[in-house]
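Trainee: I would like the entire structure built from these sequences, with the hints used as guidance.
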Amino acid sequence: MSPKTPPNILFIMADDHAAKSISCYSAGINKTPNLDRIANEGMRFDHCYVTNSICTPSRAAILCGTHNHVNGVMTLDSKINKNTPNVAKQLRTGGYQTAMVGQGEYWDPSFIEPSGTSRVPGYATDIITDKCLDFMKNRDKDKPFFVMCHHKAPHRSWEYDPKHKDLYKDPVRLPDTFNDDYKNRARAAKVAKMRIADDITYNDLGIVQPEGPSSVIGTKMVDAWWWNDRKIPAPDDVTKMRLICKETGEVFTFKPPAELAEFKFQRYMQRYLRTIQSIDDNVGRMLDWLDAEGLADNTLVVYTSDQGFFLGEHGWFDKRFMYEESFQMPFLARLPGVIDAGSVCQDIVCNVDFAPTFLDLAGIRIPSYMQGESFLRVLEGRTPHDWQQVAYHRYWMHRDIIHEAYAHYGVRDQRYKLIYWYNEDFGLEGTRPGGEEKEWELFDCQEDPLELFNCYADPKYKDVVVKMTRMLEDKMMEIGDEPVHTRLGDFKRHGQVDGHNVVHAGAVLLPWCPWVGTERPSVEDALWQQGHRLPRSGLRLKVPQTREESWRVRRRGLPLEPRVHLELAHGCRWIVPRTRANARSLGGQGAVVQEPGLPENAMGAETLALLRDAGVARPLVPGVLVNVRRFAAPLVLARDGRLNDAV
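If you read the sequence shown in my numbering, its first letter stands for residue 102, the second for the next number, and so on.
None of these hints come from the bench; they were simulated from the model. Source: prediction; values computed, not measured. Take these hints with a grain of salt, some might be off.
What the hints assert, rightly or not - Capping the alpha-carbon separation at 30 Å, the derived lysine-lysine pairs in BS3-like fashion look like this: (1) 539 with 294; (2) 264 with 132; (3) 190 with 244; (4) 291 with 356; (5) 321 with 332; (6) 291 with 568; (7) 568 with 284; (8) 264 with 332; (9) 563 with 576; (10) 341 with 291; (11) 321 with 356; (12) 244 with 183; (13) 347 with 266; (14) 294 with 347; (15) 232 with 244; (16) 291 with 561; (17) 321 with 341; (18) 266 with 341; (19) 539 with 563; (20) 266 with 356; (21) 183 with 238; (22) 284 with 561; (23) 190 with 238; (24) 183 with 242; (25) 576 with 183; (26) 242 with 232; (27) 563 with 284; (28) 321 with 539; (29) 266 with 321; (30) 264 with 238.
Mentor: This is how it looks when you write it as structure tokens:
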């Protein structure tokens with residue numbers, strides 16, 4: 102049951118913290134007793150997912166409760182508008198004291214405070230915790246607090262506190278997929294520059310970077326005159342290599358090439374896990390303080406990360422991809438009396454759901470702009486029977502300058518994962534030109550948890566592909582994201598739509614625009630108002646006259662293009678797709694709406710001429726009504742000016 106008084110909320114988040122490096126997730130590579138304490142006294146989520154596996158966009162989604170195409174933070178170079186509403190502003194309006202502390206640096210962090218900017222010497226993880234504790238100690242005790250405590254430590258280049266330099270010296274077991282050959286996967290996996298064996302740098306591993314030509318000492322991580330950090334080479338002959346530890350001066354030599362790759366992995370894991378140790382220590386400090394102050398019973402404590410992270414799986418470090426290790430966020434939550442101790446949640450939640458959940462818990466109305474759903478009832482162990490067990494992900498930052506990660510989107514349910522590598526940049530900041538071949542991937546996460554076998558073209562999974570594609574398009578329609586895979590000539594048509602056969606003849610799609618009042622303009626007026634000419638080609642659909650058909654009108658076209666609506670013209674009637682908002686008012690998803698268009702005499706000679714130019718001969722069969730199932734979406738013209746497919 103929800104608390105009667107608004108609870109405090111302590112939201113602790115670390116950069117790039119893989120779930121496998123929290124011991125309650127049972128990977129067995131390290132011990133985190135304080136993080137485990139949150140799980141043991143609360144709930145562990147096994148299926149919490151990020152909507153864009155990269156730092157800044159994920160944080161924007163967490164703050165705003167919206168997907169990145171809505172909040173505008175699609176890449177690392179994107180900037181959020183300071184006037185954008187967010188959960189902290191909503192909580193403050195609702196009577197909470199709010200603070201956000203940390204994230205930016207590893208050592209000697211600077212802080213922007215009401216009194217000005219100050220720099221504090223020391224290790225950032227400890228200092229950030231000090232600042233959070235100071236805020237909570239000095240708060241107005243008559244008000245609840247919302248504190249966001251953000252730690253940078255697990256982020257590349259894994260700068261750990263020297264007091265932990267002797268930890269994790271024993272070897273960590275290599276992941277089963279460390280030597281992945283990326284066969285039967287999309288090209289994106291093979292070209293990504295995130296391989297521990299090839300792409301990790303001297304600085305990443307705390308190794309002295311020697312002087313000399315690139316052919317000997319390694320290539321730059323970024324090919325720019327101002328960038329000096331170089332990748333440790335992986336030559337065929339490693340016997341001549343000598344790597345020197347910055348801290349101790351220890352010299353490392355190698356014999357077989359595999360020994361060098363494994364050395365890089367072990368060194369990476371040592372440094373990474375030492376940063377996690379500091380996180381765990383400081384989480385313990387805050388939990389102990391809550392206990393000492395008598396606040397533990399009325400404080401929601403959340404621990405999470407801004408996304409997942411690869412710890413050698415598929416040979417990688419970093420994130421960005423929709424593959425599970427990067428896609429899954431750790432999520433631990435404790436609130437006595439609301440969350441059962443030691444519970445484990447298998448329901449799917451996403452980072453856009455955090456903000457509405459906090460507001461719901463605080464008894465504050467969830468604003469309509471938020472796209473996430475409150476999972477308060479999930480925390481209470483009362484998951485709604487209609488809870489949407491699907492996670493959506495979209496990574497926009499195509500071919501970023503360091504990692505060469507391809508742009509993609511997809512969905513995951515409790516068993517399957519569908520990914521579309523659309524490989525376009527759309528001119529966004531932080532991207533590079535796209536145009537690579539587009540590819541699909543389907544993984545059976547139950548039978549293939551390591552995601553090694555792409556089942557998309559496997560005939561046994563044909564029905565799954567149809568189901569997951571529909572799920573993807575439904576989700577994109579729901580959140581207002583524009584699909585790429587449905588561009589004309591860029592997708593495969595399925596034989597049926599909503600159970601009815603598709604026949605290519607007898608009707609044409611035309612652009613449409615809103616009108617004022619009840620007077621509807623002619624088609625040519627609508628085209629003129631939108632600044633469009635009637636395309637010379639369009640999809641023709643035949644609706645059988647023997648019965649009414651239900652057609653599901655879907656979004657088509659490119660993201661970021663100007664939107665235009667389309668009408669289905671059949672005979673001399675105009676079938677007007679309703680907007681998403683109108684459809685919601687009629688019952689939301691699943692609502693069937695029907696709107697007949699104009700009578701036959703409403704079509705003038707110029708309109709008929711436009712239809713003839715589009716290849717539609719008159720007379721067409723008049724009087725056929727079309728049901729528009731679910732919510733019809735705006736459609737978009739492709740770059741070449743042709744109409745996009747609408748079914």
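Trainee: Please go over all the hints and tell whether each is borne out by the structure.
Mentor: Results for each hint:
{"no.": "1", "hint": "539 with 294", "in the structure": "holds, 19 Å"}
{"no.": "2", "hint": "264 with 132", "in the structure": "holds, 17 Å"}
{"no.": "3", "hint": "190 with 244", "in the structure": "holds, 15 Å"}
{"no.": "4", "hint": "291 with 356", "in the structure": "holds, 26 Å"}
{"no.": "5", "hint": "321 with 332", "in the structure": "holds, 6 Å"}
{"no.": "6", "hint": "291 with 568", "in the structure": "holds, 28 Å"}
{"no.": "7", "hint": "568 with 284", "in the structure": "holds, 25 Å"}
{"no.": "8", "hint": "264 with 332", "in the structure": "holds, 27 Å"}
{"no.": "9", "hint": "563 with 576", "in the structure": "holds, 20 Å"}
{"no.": "10", "hint": "341 with 291", "in the structure": "holds, 28 Å"}
{"no.": "11", "hint": "321 with 356", "in the structure": "holds, 25 Å"}
{"no.": "12", "hint": "244 with 183", "in the structure": "holds, 25 Å"}
{"no.": "13", "hint": "347 with 266", "in the structure": "holds, 13 Å"}
{"no.": "14", "hint": "294 with 347", "in the structure": "holds, 25 Å"}
{"no.": "15", "hint": "232 with 244", "in the structure": "holds, 19 Å"}
{"no.": "16", "hint": "291 with 561", "in the structure": "holds, 26 Å"}
{"no.": "17", "hint": "321 with 341", "in the structure": "holds, 21 Å"}
{"no.": "18", "hint": "266 with 341", "in the structure": "holds, 28 Å"}
{"no.": "19", "hint": "539 with 563", "in the structure": "holds, 19 Å"}
{"no.": "20", "hint": "266 with 356", "in the structure": "holds, 26 Å"}
{"no.": "21", "hint": "183 with 238", "in the structure": "holds, 28 Å"}
{"no.": "22", "hint": "284 with 561", "in the structure": "holds, 20 Å"}
{"no.": "23", "hint": "190 with 238", "in the structure": "holds, 21 Å"}
{"no.": "24", "hint": "183 with 242", "in the structure": "holds, 28 Å"}
{"no.": "25", "hint": "576 with 183", "in the structure": "holds, 28 Å"}
{"no.": "26", "hint": "242 with 232", "in the structure": "holds, 17 Å"}
{"no.": "27", "hint": "563 with 284", "in the structure": "holds, 21 Å"}
{"no.": "28", "hint": "321 with 539", "in the structure": "holds, 29 Å"}
{"no.": "29", "hint": "266 with 321", "in the structure": "holds, 28 Å"}
{"no.": "30", "hint": "264 with 238", "in the structure": "holds, 27 Å"}
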